[in-house]
Amino acid sequence: MSPWSVAKIGLAVFGVCFLLIFFWFCFLLCVVRVQSQLGETEEEFISNKLITLLQNCKAEKERLALQIEQEEEYLTNTLQKKLDQLKREKVDIENQMEQEQEYIVNRLQIQLDETRKEKDALERKIEE
Numbered sequence: 002m003s004p005w006s007v008a009k010i011g012l013a014v015f016g017v018c019f020l021l022i023f024f025w026f027c028f029l030l031c032v033v034r035v036q037s038q039l040g041e042t043e044e045e046f047i048s049n050k051l052i053t054l055l056q057n058c059k060a061e062k063e064r065l066a067l068q069i070e071q072e073e074e075y076l077t078n079t080l081q082k083k084l085d086q087l088k089r090e091k092v093d094i095e096n097q098m099e100q101e102q103e104y105i106v107n108r109l110q111i112q113l114d115e116t117r118k119e120k121d122a123l124e125r126k127i128e129e
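Numbering-wise, our numbering comes out as the position in the sequence shown, counting from 1, plus 1.
Hints are supplied without guarantee of correctness; some may be wrong.
As the list claims (entries may be wrong) - Pairwise CB distance ranges, derived in the manner of DEER restraints:
#1 Thr79 x Thr42: 27 to 37 Å
#2 Gln97 x Asn57: 53 to 63 Å
#3 Ala60 x Glu90: 42 to 52 Å
#4 Lys50 x Lys88: 54 to 64 Å
No lab work stands behind these hints, which were simulated from the structure alone.
All residues carry an ideal CB built from backbone N, CA and C; glycine is no exception.
Modelling step: build the complete structure from the supplied sequences, incorporating the hints.
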């Protein structure tokens, strides 16, 4: 899951909270307007409806928060696996480079020994 998905979920949580605040203000406006017109039963009905809406919004917010937490854990685990793989590859490359370096040093040592032998042979010929 990409960081953009986490951001989208964050925006959804923000939207739910915004709707909750909006409905609360609507409720207050309705209460002021209908206090003189509505009886106690109707006010209680509206109040219960808004409480139910508030509970639903709260449940949705909790669900989204849990989903964000799960996605963050998934991303963390995925990135940790990639990091571990890169570390293993780094060690493999370092080992390979060390082997190549040893091979080159050994080859150069052999060439140096051969060159010294040739030099010694030439010096002996010159002395003769």
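Exercise for the section: Against the earlier hints, flag every one the structure doesn't satisfy and list their numbers going up. Expected result: Violated: hint 1 alone.
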